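Please take these sequences and the hints and turn them into a complete structure.
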Amino acid sequence: MRLITELAERLNSLIKEFATTNFAELASDIKEIFNENEPPTLTQHHLNDPEFIKLWYQIKLLPLLPDVNPDLLSCLSTKNFSCPVYQTLVAALGESMRQMDADMMYSHNIYRYFIYSFLNHTTTGPQCISSANQSAEWVKLNFGFFSSFASVIDFYQLNPDFSALEALPVLTPKQLAEMLLLPLPGPTEKDTIIHAVFDFLLESPEKMSNSAIIRSMEAKIWTVAHSVLSVGMIPSAEAILDVIEEIRLSALTDGELTNSSVIHLWFAERLSSFLPFASGRFLLCLTSKNLSCPSYQQILQVFVGHFEKMPFQQQLVVLKDFILRFLLNAHSNQGCLSSFNNSAQWLTDNFGPFSEFVLISELIHLNRLFKPVRLRLLKTD
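The sequence shown begins at 430 in our numbering and counts up one residue at a time.
In short, the hints are calculated from the structure, not lab data.
Bear in mind that the values here come from a model prediction, so they are computed numbers and not experimental data.
Ideal Cβ placement from N, Cα and C applies to all residues, glycine included.
Be aware that a few hints might be false.
[Unchecked claim] Derived EDC-like pairs (lysine to aspartate or glutamate); straight-line CA-CA distance at most 16 Å:
1. Lys718 to Asp671
2. Lys569 to Asp583
3. Lys483 to Glu524
4. Lys619 to Glu667
[Claimed, not checked] With beta-carbon atoms standing in for the labels, derived distance ranges:
5. Asn509 to Tyr535: 21 to 29 Å
6. Asp590 to Leu493: 32 to 40 Å
7. Asn498 to Pro614: 32 to 40 Å
8. Gln556 to Phe741: 54 to 62 Å
9. Asp628 to Phe741: 34 to 42 Å
10. Asn477 to Leu594: 28 to 36 Å
11. Gln528 to Gly734: 40 to 48 Å
12. Ser559 to Phe481: 17 to 25 Å
Now the structure itself:
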């Protein structure tokens with residue numbers, strides 16, 4: 430009984446001390462002790478021992494998270510860790526950072542100053558390449574939680590044998606967008622890469638554990654692609670459009686092609702940044718579909734929004750292979766004439782600024798009710 434009383438008194442005393450302790454200041458003091466400026470002393474034996482590194486991590490690195498000094502991370506990246514030990518550290522860091530509600534900047538620092546630097550060393554990177562059977566496994570083992578901070582180009586630079594096609598299941602939407610839009614090293618043709626990415630995104634639910642995730646990823650792809658294209662990174666925009674038409678737009682039903690919400694989603698949102706680079710092939714395929722006149726006019730407005738940014742030759746391609754081809758179809762043109770009120774409105778709705786390239790005789794041929802004398806047109810037959 431006396432022992433219990435003494436323990437209770439000591440416990441009460443500790444509780445009072447904890448109640449008056451400044452833990453923020455204490456944590457700072459502890460962190461200062463661990464966060465030494467001198468490089469950590471590790472023998473070569475330690476550098477080859479995953480079990481020791483697990484213990485060392487718990488004592489040395491864990492108290493410093495999430496904001497580990499970049500100098501310490503850079504120092505660690507120069508250590509001659511064996512690949513299993515390096516991968517043990519990456520896994521431990523990833524697990525800890527995943528559980529912390531911390532600014533992603535700290536995780537990015539770990540990627541930048543430790544992971545990328547370590548794998549970029551000529552003496553350490555190659556052994557971690559040979560430790561994986563294929564690219565997806567290499568990404569998981571050597572980047573883990575931090576793989577989202579890498580670009581696809583980083584992967585190629587750090588691993589000459591890297592194949593983005595092998596790594597599709599572990600890539601982020603941003604990395605998939607980079608595959609679509611950026612020139613990648615290696616012999617694989619761009620069309621093959623684009624097909625593979627969209628095939629992956631559009632896998633049937635039977636092949637994917639959660640098709641909702643894939644739909645979410647597809648939406649993110651368009652957001653990233655739009656932002657990348659907006660700053661002029663467009664080497665494969667035309668090829669991407671052609672593939673999208675082949676494997677995605679071709680699947681739209683007649684009902685969807687007359688649904689203004691579907692048309693807006695695809696052409697005003699997802700494909701808007703791509704349309705200024707549309708090939709004649711894409712436009713011909715588009716006009717071969719069963720578009721209603723309202724759907725045609727809705728798509729035309731997206732082209733109108735990009736008119737000033739298009740090169741002259743591309744403006745003519747849109748006029749010839751989309752506008753005139755659609756309106757010269759008797760069925761399509763009849764639909765656009767059914768609501769004819771006046772010549773000016775018809776011209777605006779069906780040509781927009783592209784009308785400046787059309788001869789008056791062509792306009793009259795398309796619309797017998799067209800009255801050029803009521804317009805201030807500069808074009809003559």
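Hints, one by one, checked against the model:
With a C-alpha separation of about 15 Å, the suggested pairing of Lys718 with Asp671 holds against the 16 Å cut-off. With a CA separation close to 14 Å, the supplied pair Lys569 and Asp583 stays within the 16 Å bound. Our distance criterion of 16 Å between C-alpha atoms is met by Lys483 and Glu524, whose separation comes to about 12 Å. For the proposed pair Lys619 and Glu667, the alpha carbon gap of about 11 Å is at most 16 Å, so the pair holds.
Between Asn509 and Tyr535, the C-beta spacing of about 26 Å keeps the proposed range 21 to 29 Å intact. For Asp590 and Leu493, the hinted distance range of 32 to 40 Å is satisfied, since their beta carbons lie about 34 Å from each other. Range check, Asn498 to Pro614: about 34 Å between beta-carbon atoms, so the 32 to 40 Å window is met. About 55 Å separates the C-beta atoms of Gln556 and Phe741, a value consistent with the hinted range of 54 to 62 Å.
For the pair Asp628 and Phe741, the supplied restraint of 34 to 42 Å holds, since their beta-carbon distance comes to about 36 Å. Take Asn477 and Leu594: their Cβ atoms lie about 34 Å apart, and the range 28 to 36 Å holds. For Gln528 paired with Gly734, a C-beta distance near 46 Å keeps the hint of 40 to 48 Å intact. The supplied range of 17 to 25 Å is met by Ser559 and Phe481, whose beta-carbon atoms lie about 23 Å from each other.
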